[in-house]
Each structure stands twice: as structure tokens, then as C-alpha cells.
Amino acid sequence: DIQMTQSPSSLSASVGDRVTITCRASQDIISDLSWYQQKPGKAPKRLIYDASNLQSGVPSRFSGSGSGTEFTLTVSSLQPEDFATYYCLQHHGHPYTFGQGTKLEIK
Amino acid sequence: EVQLLESGGGLVQPGGSLRLSCAASGSTFNSYAMNWVRQAPGKGLEWVSVIYSGGRSTYYAESVKGRFTISRDNSKNTLYLQMNSLRAEDTAVYYCAGCADGSCYSRGFDPWGQGTLITVSS
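If you read the sequences in order, they're chains A and B. My numbering applies: residue 1 is where the first sequence begins, and numbers increase by one. My numbering applies: residue 1 is where the second sequence begins, and numbers increase by one.
Bear in mind the hints are in silico, worked out from the structure with no lab data behind them. Among these hints, one or two may not hold up.
The calculated lysine-lysine pairs, modelled on DSSO-like cross-linking and capped at a C-alpha distance of 27 Å, are [said to hold, decoys possible]:
hint, chain 1, residue 1, chain 2, residue 2
1, A, Lys107, A, Lys42
2, B, Lys43, A, Lys103
3, A, Lys107, A, Lys45
4, A, Lys107, B, Lys43
5, A, Lys45, B, Lys76
6, B, Lys43, A, Lys42
7, A, Lys45, B, Lys43
8, A, Lys103, A, Lys39
9, A, Lys45, A, Lys103
10, A, Lys39, A, Lys107
11, B, Lys43, A, Lys39
12, B, Lys65, B, Lys76
13, B, Lys43, B, Lys65
14, A, Lys103, A, Lys42
This one's a predicted model, so the numbers in the text were calculated from it and none came from an experiment.
Please construct the entire structure, taking both the sequences and the accompanying hints into account.
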């Protein structure tokens, strides 16, 4: 199975800050990785697909990069609505696996 | 664009069974691969199962293999999850989520349903 190690598990930041979340895969997953935002009581929402492609309608302050085994999600300038939990997902091989999540909180 | 709506959640005793449904709106359901993803209270997301667009290929997480069965009826635009031998650790919100490419190799999961809660307890 492909393990996804996501870090940090939590992050405290201020509005306007730049933040980066990392996911490392236990083996090469090429670019078969997507990023999701989840707010309390809501379904996850896709932000980035195929490692670096921005979902339509998602603000351009979100960006993704990486390939192979190391991937990052960056928010260039945090807005109040960005405080949420973020997950990566590898869909390269079965079983698909999510990262453990990063809870982004207001400092 | 496909929209998804789960149903069938509720309270069930350990060892019991339940069938979840995920109804899709839109005419392209039969081209989507469909997944079930669950989230235990206060925990992260866990992928459960996928069925490809043709319905012949299915895969499961080890934690549910042999107990859960995923299926689809493309004529009814509906995805199902038959859950047997339920355990307390199956308690979670269950989401259905689609892959537009038919096999989930690219683009990941979108759209998602709103989720349905399963509670396994005596």
C-alpha cells in the first residue's frame, strides 16, 4: 500500500500569511495526487488535481507543486475563509490513501 | 455536471447490515468512477471503495474487504454500498465521490455528496 505522510498536522497562522503543507508518498505516484479543503460539517472540496492544476473556481492564492514522492500545497496569502482542514489524496494505486490532514487555525 | 446525494444512514446494531445509496443527477453518471469515503467522528478521511464506470472493476480498503460490497445501477444513476457485519469502528459519515475520468487515475475526486451518518451501536 502507498502511505501518505502529511505535515504539519496542525498549523497556526495569521491572515495574510503564506503557508505550505507537504505530503510525502512512500513510493512514486507520478502526479496522481489531489488536495482537498474541508470545513466543519461539510464535505471535502477539491482544490488542486494532478498535483498542480487549480480546480475551476478556486482562488489563485492556492497552488500545488511536486511530483514523484513529494508534494506541496501553498496558500500565498491566507484569507479568513481559508481556515479549515486540508487533505492530500493519492489515486495512483489501490487502496487510495489520504494524508492525515492539516488543521489550519487562526493565530 | 453531476451532483450527488447520499441516503440510507442511521443507527444499526453491531453485526447488522445497512445499504447506502448515492443518487446522481445529470446524464453523465455512467461515465464516472464512483467512490465511498468515510470519516469517523473527529478523525480524518478514509477511502473505502471504488467502482469503475463500467461496473466490472471494484476495489476495497482492507478494513472493509469481505464485509462491504459496492455496486451501481447506471440505469437509475445510483451508487450503492451494502454493509454487512457492521462494527463499532464503522461508525462514520459516509461520502460518495466521483471521478470524471472513469477510473480515478487522474483529477481525483469531484464531485462529493453531502454525507450520511452511520452509527453502529447497541
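Query raised in the report: Honestly, which of those hints from before does the structure not fit?
Result: Nothing - there is no hint that the structure violates, so all of them hold.
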